[in-house]
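Protein chains in written order, with the working numbering: chain A, 4 to 435; chain B, 4 to 435.
No lab work stands behind these hints, which were simulated from the structure alone.
No copy is singled out in the list; a pair is fine if it fits within one copy or between any two copies.
Below, simulated EDC-like cross-link-like pairs (lysine to aspartate or glutamate); rule was C-alpha separation at most 16 angstroms, straight line: (1) K223 to D332; (2) K267 to D242; (3) K337 to D81; (4) K5 to D47; (5) K91 to D384; (6) K427 to D384; (7) K25 to D431; (8) K222 to D332; (9) K9 to E51; (10) K25 to D373; (11) K5 to D49.
Protein chains: 2
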Amino acid sequence: MKLLLKNCDILAADGDGYRWLKNAYLGIDGSVIDYIGESRPQADYDREKDMSSRLLAPGLINCHGHTAMTLLRGIGSDLPLQEWLFEKMMPIEDRFTAQDIQVGNALALLEMISTGTTSYSDMYFHADTAVENAMAAGIKANLCRPNQCFNQGETYAQNTRARESIQLFKDCNGMADGRIRIDFAIHAEYTNFPHIVEAYSADCKALGGRMHIHLSETKKEHDECVAKYGKTPARWFYDLGTFDSPTYAAHCVWVTEEDMALMKEKGVSPVHNPTSNMKLGSGFAPIPRMLELGLNVALGTDGAASNNNLNMMEEMHLAAVLHNGFTQDPTLMKPAQVLNMATRNGARLQGRSDTGSLEVGKKADIIAIDLTRPHLCPNIDPLALMTYSAQGGDVAMTMVDGRILYENGEFLTLDSDRILHAAKACADRLYH
Amino acid sequence: MKLLLKNCDILAADGDGYRWLKNAYLGIDGSVIDYIGESRPQADYDREKDMSSRLLAPGLINCHGHTAMTLLRGIGSDLPLQEWLFEKMMPIEDRFTAQDIQVGNALALLEMISTGTTSYSDMYFHADTAVENAMAAGIKANLCRPNQCFNQGETYAQNTRARESIQLFKDCNGMADGRIRIDFAIHAEYTNFPHIVEAYSADCKALGGRMHIHLSETKKEHDECVAKYGKTPARWFYDLGTFDSPTYAAHCVWVTEEDMALMKEKGVSPVHNPTSNMKLGSGFAPIPRMLELGLNVALGTDGAASNNNLNMMEEMHLAAVLHNGFTQDPTLMKPAQVLNMATRNGARLQGRSDTGSLEVGKKADIIAIDLTRPHLCPNIDPLALMTYSAQGGDVAMTMVDGRILYENGEFLTLDSDRILHAAKACADRLYH
Chain A
4 MKLLLKNCDI LAADGDGYRW LKNAYLGIDG SVIDYIGESR PQADYDREKD
54 MSSRLLAPGL INCHGHTAMT LLRGIGSDLP LQEWLFEKMM PIEDRFTAQD
104 IQVGNALALL EMISTGTTSY SDMYFHADTA VENAMAAGIK ANLCRPNQCF
154 NQGETYAQNT RARESIQLFK DCNGMADGRI RIDFAIHAEY TNFPHIVEAY
204 SADCKALGGR MHIHLSETKK EHDECVAKYG KTPARWFYDL GTFDSPTYAA
254 HCVWVTEEDM ALMKEKGVSP VHNPTSNMKL GSGFAPIPRM LELGLNVALG
304 TDGAASNNNL NMMEEMHLAA VLHNGFTQDP TLMKPAQVLN MATRNGARLQ
354 GRSDTGSLEV GKKADIIAID LTRPHLCPNI DPLALMTYSA QGGDVAMTMV
404 DGRILYENGE FLTLDSDRIL HAAKACADRL YH
Chain B
4 MKLLLKNCDI LAADGDGYRW LKNAYLGIDG SVIDYIGESR PQADYDREKD
54 MSSRLLAPGL INCHGHTAMT LLRGIGSDLP LQEWLFEKMM PIEDRFTAQD
104 IQVGNALALL EMISTGTTSY SDMYFHADTA VENAMAAGIK ANLCRPNQCF
154 NQGETYAQNT RARESIQLFK DCNGMADGRI RIDFAIHAEY TNFPHIVEAY
204 SADCKALGGR MHIHLSETKK EHDECVAKYG KTPARWFYDL GTFDSPTYAA
254 HCVWVTEEDM ALMKEKGVSP VHNPTSNMKL GSGFAPIPRM LELGLNVALG
304 TDGAASNNNL NMMEEMHLAA VLHNGFTQDP TLMKPAQVLN MATRNGARLQ
354 GRSDTGSLEV GKKADIIAID LTRPHLCPNI DPLALMTYSA QGGDVAMTMV
404 DGRILYENGE FLTLDSDRIL HAAKACADRL YH
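Generate coordinates for the entire structure from the input sequences, incorporating the hints supplied.
Next up, the structure:
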């Protein structure tokens, strides 16, 4: 099926930046963009779709989260991170059934799809349920079975999580025309032991996997690692071979100059999670320095429990302003840089070279922003509108691989009423 | 007319905090709340309105902005403040006609009303046009004719801005059943001279006015004042008698401990503008310290040129998380405190003792949040939902003095198509 989107503004790729096309056309052949231009294409299309008053932009890529934690939204606000994690989150999560996790993930999909996310990276248990959900929803997902280990005596052969992770990789990586990818994952340095991490990292490298980790989120975690091992978490992972596979590292708030050099050497992609880092009092990640060093910085929401939403527009807005405030330099973060973090850098991080920008030959992973909203008027600079002015709710259409998943408030692949009802039932059971 | 809102959740006042009523009733007699409770009221109502899946909260009060600058949205992003202000903003503003300003203000009203603002404080020229617009829209507004003076030789008698300001106060203060209030305003220390400020402040006090100022927004401005006058801007205003009238001061990023003591002594209300202060690289206002001292901290968006929207939900979200990040203390800012900043503290700042919270006897200035949105599910803690999870676009209804101004995407008092068309025409003329 060939579809022509017409009469819309487009933020098309232009090298590493963007060019603004007005009253333009975007053609799609199956799942792939085959035309972008301000004049009508010569080729015939099976269907034409009027997109007047819409701005087409690349789909947003949420590179770090824990989707099922939507069920924990609003629980234990305002506690220190370790207390919040170990005394509130984990005891409730221990009561989560696979069914809860599937429902929590489905709720997250509703939220992400309706706010413009076309691909996401998740770190959570029972990823098989997330695979099912993503296939039904049509969204792209880099999923994993995260490795944690709290028993120092456990051997790698006894580490069932590694076996499950590898099995999941073998079973599901590349499913749904590549929309589903399975990554390896080590929750964090402080929730694991060197012999497990080393062996699991070697398996990841041998199998050609991609690694998802938490890195130096809090000062406590960073300092305790230095005290325990005489090295930073980044050096710890580096020495254990983790970074020998393509790796993405969430948070990176407390990484040192030397850590960033290691990350640069190994091509580790940092994931910036501005809301979570502020809300939990973790601090400000040195994102401007990372960008200066040429690291592939992407963007994520973290889980809804520490955000408390999965709204990439909000993360873009924060990433665009907070570093200016922190360094007192309003010229620091540029809208194009921020949109790159939310799109093409995320695609690179996920190993998806065929998406992340609007250009001919790329997958049709597209969002449409409703330019009729008062706060998007006048439209003098659409990049600034996307970065500073827009809300998640301004997304009027979300398309993945040429398929519309959401349009004008309606979900076309998910039963939102059923999911919302199920999520409330889970919360009622968990908290009452 | 007596109206009963039914079947809704309500964030009702409970002392300085909130209590959460479920499946509850809120009765309105004319413009005033006459019932709040979980059981059906005894009294009869002329009309009942089903508000299922809605959370009623107090209307948001945007305490500092420059509404007409919506027309400058996205212009000159990423410049240092003084350059942005003097080389970009002011030259364009010089070309603004009264008609542009009226259109820019109307555009701002659309945006504010649709994101839950029921009352706002503005500092801009041609406030007479904002008076007209506010009366038509039904919103509450504290407007002013701001005083700037760039000619040191000018006497107070020659200062036509002071005359216009006082005339506007005499003509319009208290109009529209008190919805329109006229305040006095001094743009800032660095845009005025002591003899003008002293005389104008004396007139404000004599006439029982209320004063709106910018205070220590940038380090440059703060330091230059100390270098020029040997005192901080707060001390400068204090010594010139400005603080002898009820005063509200935008930004307050660089106020010192002594400045905060002066503000406390005189009851000056700081207005926190988190997005603007971060975007422009101004820095982080010491809001937690102000709250600790018992200052009446309110919240504002600043103009759309430096934000780039007028979305109080976003300011709440930022105010709730950024100080945690800056101080590395996640327990610092509480949701109830943040909602107070956006509501009852703003009412106090504006001199409106009859609004700012949902309680019997207060004006029916109410917003309804749409709880069917995926990112507001589950509803375990509605205060946390309002502060951390909600978007401006989740506002399903905005009511002022018992009159619905906006509901489910429709403006009931303003012609949004006409205003958006006019705003685009203004922008086309100004920039092309």
